[in-house]
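Following the hints, complete the assembly by docking chain B onto the known chain A.
Take a look at the letters that make up each chain.
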Amino acid sequence: MRPRVSTVLRHRIGAVSVTFLVLVALLAVFGPLLAPYDPLQQNQDALLQGPSAQHLLGTDNLGRDELSRLLAGSRLSLLAALEAVVVGLVLGTVPGLLSVYLGRAFEWTTLRVMDAFVTLPFLVFAVAMTALLGNGLTQAMLAVGILVSPAFYRVTRAAAFPVAGSQYVEAARLTGASAWFVLRRHVWPKVLPAVAVTTATTLGSSLVIVSSLTFLGIGIRPPEPTWGGMLATSLEYLFPRPTAPLAPALLVILTVGACNGLADTLRDVTGVSARSSRKEKVRAAA
Amino acid sequence: MSRLIRLAAALAVLVVTLAGCAGANAGASSQTLKWGFNLPTSWDPVTSSTGNDINTISLVYASLTQLDEKGTAGPGLAESWTYNADGTAVTFVLRPGLTFTDGTPLDADAVRQSLLRGKTQENSLLKDQLATISDVTADDPTHVTLHLAAPDYQVPNLLAGKTGAIVSPAAFTKDPGAIPTAPVGAGPFKFESFVPESKATLVKNPDYWDAGDVEIERLELTAGTDPTSVIAAVQSGALDVATITGRQVEQAKAAGLEVDVVDSFTVNQVDVHSGLAPLTDRRVVDALKYAVDRQAILDVTNGGIGNVTYQPFPQGYVAYNKALDQAYAYDPAKAKAMLAAAGYAPGSLSLTVTVNSVAQSTAELVQQQLQAVGVNATIKVVPPGSSTWQQEVYLGRKAQFALDGTVGRESPVQNLGVVYGPQGLMNTSKEASPEFLAALDEVRRTPLDDPRYPEVLQNAVKLGVEMSPSFSLGTSPRIAVRNPRVSPLPHFLSQYRWEGVTVAAPGSRA
Numbered sequence: 133m134r135p136r137v138s139t140v141l142r143h144r145i146g147a148v149s150v151t152f153l154v155l156v157a158l159l160a161v162f163g164p165l166l167a168p169y170d171p172l173q174q175n176q177d178a179l180l181q182g183p184s185a186q187h188l189l190g191t192d193n194l195g196r197d198e199l200s201r202l203l204a205g206s207r208l209s210l211l212a213a214l215e216a217v218v219v220g221l222v223l224g225t226v227p228g229l230l231s232v233y234l235g236r237a238f239e240w241t242t243l244r245v246m247d248a249f250v251t252l253p254f255l256v257f258a259v260a261m262t263a264l265l266g267n268g269l270t271q272a273m274l275a276v277g278i279l280v281s282p283a284f285y286r287v288t289r290a291a292a293f294p295v296a297g298s299q300y301v302e303a304a305r306l307t308g309a310s311a312w313f314v315l316r317r318h319v320w321p322k323v324l325p326a327v328a329v330t331t332a333t334t335l336g337s338s339l340v341i342v343s344s345l346t347f348l349g350i351g352i353r354p355p356e357p358t359w360g361g362m363l364a365t366s367l368e369y370l371f372p373r374p375t376a377p378l379a380p381a382l383l384v385i386l387t388v389g390a391c392n393g394l395a396d397t398l399r400d401v402t403g404v405s406a407r408s409s410r411k412e413k414v415r416a417a418a
Numbered sequence: 206m207s208r209l210i211r212l213a214a215a216l217a218v219l220v221v222t223l224a225g226c227a228g229a230n231a232g233a234s235s236q237t238l239k240w241g242f243n244l245p246t247s248w249d250p251v252t253s254s255t256g257n258d259i260n261t262i263s264l265v266y267a268s269l270t271q272l273d274e275k276g277t278a279g280p281g282l283a284e285s286w287t288y289n290a291d292g293t294a295v296t297f298v299l300r301p302g303l304t305f306t307d308g309t310p311l312d313a314d315a316v317r318q319s320l321l322r323g324k325t326q327e328n329s330l331l332k333d334q335l336a337t338i339s340d341v342t343a344d345d346p347t348h349v350t351l352h353l354a355a356p357d358y359q360v361p362n363l364l365a366g367k368t369g370a371i372v373s374p375a376a377f378t379k380d381p382g383a384i385p386t387a388p389v390g391a392g393p394f395k396f397e398s399f400v401p402e403s404k405a406t407l408v409k410n411p412d413y414w415d416a417g418d419v420e421i422e423r424l425e426l427t428a429g430t431d432p433t434s435v436i437a438a439v440q441s442g443a444l445d446v447a448t449i450t451g452r453q454v455e456q457a458k459a460a461g462l463e464v465d466v467v468d469s470f471t472v473n474q475v476d477v478h479s480g481l482a483p484l485t486d487r488r489v490v491d492a493l494k495y496a497v498d499r500q501a502i503l504d505v506t507n508g509g510i511g512n513v514t515y516q517p518f519p520q521g522y523v524a525y526n527k528a529l530d531q532a533y534a535y536d537p538a539k540a541k542a543m544l545a546a547a548g549y550a551p552g553s554l555s556l557t558v559t560v561n562s563v564a565q566s567t568a569e570l571v572q573q574q575l576q577a578v579g580v581n582a583t584i585k586v587v588p589p590g591s592s593t594w595q596q597e598v599y600l601g602r603k604a605q606f607a608l609d610g611t612v613g614r615e616s617p618v619q620n621l622g623v624v625y626g627p628q629g630l631m632n633t634s635k636e637a638s639p640e641f642l643a644a645l646d647e648v649r650r651t652p653l654d655d656p657r658y659p660e661v662l663q664n665a666v667k668l669g670v671e672m673s674p675s676f677s678l679g680t681s682p683r684i685a686v687r688n689p690r691v692s693p694l695p696h697f698l699s700q701y702r703w704e705g706v707t708v709a710a711p712g713s714r715a
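Chain order of the listed sequences is A and B. Start counting the first sequence at 133; every next residue gets the next number (the working numbering). Start counting the second sequence at 206; every next residue gets the next number (the working numbering).
Derived by calculation from the structure, the hints in this document are not laboratory data. Quick caveat: nothing in here was measured; it's all calculated off a predicted structure. Incorrect hints may appear among the rest.
Some chain B residues well away from chain A (every beta-carbon gap over 10 Å; in silico) [stated by the list, open to error]:
hint : residue
1    : N289
2    : P346
3    : Q453
4    : D504
5    : Y533
6    : S566
7    : Q573
8    : Y599
9    : V612
10   : W703
Calculated pairs, SDA-like style, for lysine to any residue (alpha carbon to alpha carbon, straight line, at most 20 Å) [said to hold, decoys possible]:
hint : chain 1 : residue 1 : chain 2 : residue 2
11   : B       : K275      : B       : N257
12   : B       : K458      : A       : P372
13   : B       : K603      : A       : R353
14   : B       : K603      : B       : T557
15   : B       : K275      : B       : T557
16   : B       : K603      : A       : T307
17   : B       : K667      : B       : T557
18   : B       : K275      : B       : K527
19   : B       : K458      : A       : P374
20   : B       : K332      : B       : T252
21   : B       : K603      : B       : G579
22   : B       : K458      : A       : L180
23   : B       : K458      : A       : E368
24   : B       : K458      : A       : R353
25   : B       : K603      : A       : L265
26   : B       : K458      : B       : D431
27   : B       : K379      : B       : A437
28   : B       : K404      : B       : Q236
29   : B       : K332      : B       : T293
30   : B       : K409      : B       : L244
31   : B       : K635      : B       : M672
32   : B       : K458      : A       : L370
33   : B       : K404      : B       : A437
34   : B       : K275      : B       : H696
35   : B       : K541      : B       : Q576
36   : B       : K603      : A       : G266
37   : B       : K667      : B       : T583
38   : B       : K667      : B       : Y522
Note that CB positions come from ideal geometry on N, CA and C, so glycine has one too.
Same shape as in the complex, but just chain A (with noise of 0.2 Å):
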């Protein structure tokens, strides 16, 4: 059942995850305006206030407002995690589809590589990564991307495996129906279900990969900001500013746990089963 955003909204969990990600990104295009400050501009006569009027969230250790920062913070943050998600989708769905169809050869080689990536831990590959291209967030989701695109190619390959072994596919092929034609109208209605899913929870924790680096240090391009990037700065000036850590640390929370909600719901709505039958695995593992 390929998903639809009615049936997503019926859903209780999903009704409130879907609007959550849009208040979010919202945030993320129109958060800038929504500024009462211009969130780089430092007032040292303002430096690690509390909450108050002027700044509803207090102001950093530079002087600058929280708020602003954290609207501001939202569109590069969810634009990294988005881009790695893009990456590894393109990375993961192409090959994923190809493997089923390009022989053994093409299969193994990928089946290999993509072992390869899962042996890779995150941060360190994405932190070699900057150090190898420079340090950007761009490169660092890049390398994310590519380590979460096994994730797209298991559930591709998993959902590709018994169409294109069916008997309407054969029958479509024996009618003279192209492998395009086979991929986009009989393969690809399969699968989409299992990587819109494999999409919502990638998101989430690529979001969360997002914040780790950018909390480390690494991708980030200052005055810019983040949330991550946010919060290791809290946390640095947490005897002044105790609350501080809270809002971009509820954001990250809340923004992935409306992913994982709306993964959720997405399987639970599309009948995606979250266990493929031991035949089915053994074959697409294989």
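Frame of chain A, contents of chain B only:
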């Protein structure tokens, strides 16, 4: 009745005995100090790769000389030294009866072997520092002579740190590969155990030449304490002493802990590469020196602790030149005018500020200050790692304007060489004027006890500061938080030292 009396007497004896035992235990544990600090990159002074390591390496090794509170070389393993007439050889007189912690004698031949290892071992990182020494001879068990390539009266300073730390020849002859993890020296403490990346345990060395001044019986060195939890660690007793930043002083005091702010050799500076446009124009470089508000940096990033300085030495040190007190005082109007004179209208000059990930706030502050004089600055954060900064700034020399700092060196000439010398690590331009080099040479040729020495040295500092495109920002004192049961730490410019430090029983104050 007599049985009752005997029972009471026996109980009394038992109570007194137990009390005595408890007292003895309390006394032993009270002299255990738990210190939170970075473990050295190597416990071998020959392969240790950062200047900061002297703080921990000096726990297990003694050096030929030792810097006093003001940074002046004084007796260490050597009780005295004398130069020959032309300053090309210096003979150190060792204290009699010295031994390493492995029981072997620390005599002139051991000193000779240890210093020569630093000169010849393939992976030695002391080769450059020891280049001034051409040979070492043991004249008799207590007299060792260092033959120099040229007159150099800085050798007693040079040998006060890692360079002059003496390693047991018996240990490094047997297995040089073991020294980085199992050091054998003759320092105030004997190495007991070491867990890499975690902790090291040391016990007092009763044969140390100055053992009478060391009260601590056992020192546990713990690494990796998170800065955000370090104060809680001291408060809970997990640590007794740890290093904090100026921003944490208020929090430490509020937690009922003691704070020692100790002047140190560390000076923050900007490494300017004058070989990279637009910094090839000296007028631009000079304008930048006036554009940075050093006091604001200290106030915002270090809680106002530290002093603005325009030279790579702290006030009170012999090299500190008072004539430079206002050398490049913050003057944005002057900076703007200088940039305009160089042909740069506001907004037309762009440069990149390079910084490591822990000093990001400083970079953001400097970026805004440069913006105020019309310079568009982009910040480049170098990822954490032991070699990334070297590749970007020191060896790669890709940084135009790098926020850096020197932890200082035992010899002021050595420090000037690192900061301003033509091959100096922090001199990314790799240029130095003949006048500066001549002045530096004159310092080397001037005995430390010559009345002219301070003037000659300070002159070299002035020439270095005026010549160099790089510029100093401010001092960075060593800030230690300690449990009140630990007595105040002694103030040494060069490093942490523990002579005279006592640890009272838990719950009491030193």
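Hints and how they fare:
1. A cut-off of 10 Å between C-beta atoms confirms that N289/B is not in contact with chain A; the least separation is 51 Å.
2. A cut-off of 10 Å between C-beta atoms confirms that P346/B is not in contact with chain A; the least separation is 51 Å.
3. Q453/B, annotated as away from the interface, has a beta carbon of chain A within 10 Å; the closest lies near 7 Å.
4. The beta carbon of D504/B sits about 8 Å from the closest Cβ of chain A, which is not more than 10 Å, so the claim that it is off the interface is violated.
5. In this structure Y533/B is separated from chain A by more than 10 Å, as the shortest Cβ-Cβ distance comes to about 20 Å.
6. The non-interface label for S566/B is inconsistent with chain A: the shortest C-beta to C-beta separation is roughly 6 Å, within 10 Å.
7. A beta-carbon of chain A comes within 10 Å of the beta-carbon of Q573/B; the shortest separation is about 5 Å.
8. Residue-level check passed: Y599/B sits 16 Å from the nearest beta carbon of chain A, beyond 10 Å.
9. Chain A leaves V612/B outside its interface by the beta-carbon criterion, the shortest separation being 22 Å against a cut-off of 10 Å.
10. Its beta-carbon lying about 28 Å from the closest one in chain A, W703/B satisfies the requirement of being farther than 10 Å from that chain.
11. A hinted pair counts as satisfied when its Cα atoms are at most 20 Å apart, and K275/B with N257/B qualifies at roughly 18 Å.
12. With a CA separation close to 13 Å, the supplied pair K458/B and P372/A stays within the 20 Å bound.
13. Distance check on the hinted pair: K603/B and R353/A sit about 17 Å apart at the alpha-carbon level, within 20 Å; holds.
14. For a cut-off of 20 Å, the pair hint linking K603/B to T557/B stands: about 10 Å separates their Cα positions.
15. Pair hint K275/B plus T557/B does not hold up; C-alpha atoms about 37 Å apart against a cutoff of 20 Å.
16. A C-alpha spacing of about 63 Å is found between K603/B and T307/A, which places the hinted pair above 20 Å, so the restraint is violated.
17. In summary, the hint linking K667/B to T557/B is not supported, as the alpha carbons are separated by about 28 Å, beyond the 20 Å threshold.
18. For the hint linking K275/B to K527/B, the alpha-carbon distance of about 16 Å falls within 20 Å, and the restraint holds.
19. For the hint linking K458/B to P374/A, the alpha-carbon distance of about 17 Å falls within 20 Å, and the restraint holds.
20. Using a Cα cut-off of 20 Å, the hinted pair K332/B and T252/B holds, with the two alpha carbons roughly 10 Å apart.
21. Note on K603/B and G579/B: the hinted pairing is violated, with a Cα-Cα distance of about 23 Å set against a maximum of 20 Å.
22. Taking the CA atoms of K458/B and L180/A, the gap is about 19 Å. The hint holds against a cut of 20 Å.
23. Among the hinted pairs, K458/B with E368/A is consistent with the structure: their alpha-carbon atoms are about 17 Å apart, no more than 20 Å.
24. Restraint check for K458/B and R353/A: the C-alpha separation of about 35 Å exceeds 20 Å, so the hint is violated.
25. At roughly 14 Å between alpha-carbon atoms, K603/B and L265/A fall within 20 Å of each other, so this suggested pair holds.
26. For a cut-off of 20 Å, the pair hint linking K458/B to D431/B stands: about 19 Å separates their Cα positions.
27. Distance hint between K379/B and A437/B is unfulfilled; the C-alpha atoms sit about 43 Å from each other, more than 20 Å.
28. For the proposed pair K404/B and Q236/B, the alpha carbon gap of about 18 Å is at most 20 Å, so the pair holds.
29. This hinted pair checks out: K332/B and T293/B have alpha carbons roughly 19 Å apart, not beyond 20 Å.
30. As the CA atoms of K409/B and L244/B are separated by approximately 18 Å, the hinted pair is consistent with the 20 Å bound.
31. For the proposed pair K635/B and M672/B, the alpha carbon gap of about 12 Å is at most 20 Å, so the pair holds.
32. With a C-alpha separation of about 15 Å, the suggested pair K458/B and L370/A falls inside the 20 Å cut-off, and the hint holds.
33. Note on K404/B and A437/B: the hinted pairing holds, with a Cα-Cα distance of about 19 Å set against a maximum of 20 Å.
34. A C-alpha spacing of about 9 Å is found between K275/B and H696/B, which places the hinted pair at or below 20 Å, so the restraint holds.
35. For the hint linking K541/B to Q576/B, the alpha-carbon distance of about 11 Å falls within 20 Å, and the restraint holds.
36. Between K603/B and G266/A, the direct Cα distance comes to roughly 12 Å. Compliance with the 20 Å bound is thereby established for this hinted pair.
37. Between K667/B and T583/B the CA atoms are separated by roughly 31 Å; this puts the pair beyond 20 Å, and the hint is violated.
38. Annotation: proposed proximity of K667/B to Y522/B holds, straight-line Cα distance about 14 Å (limit 20 Å).
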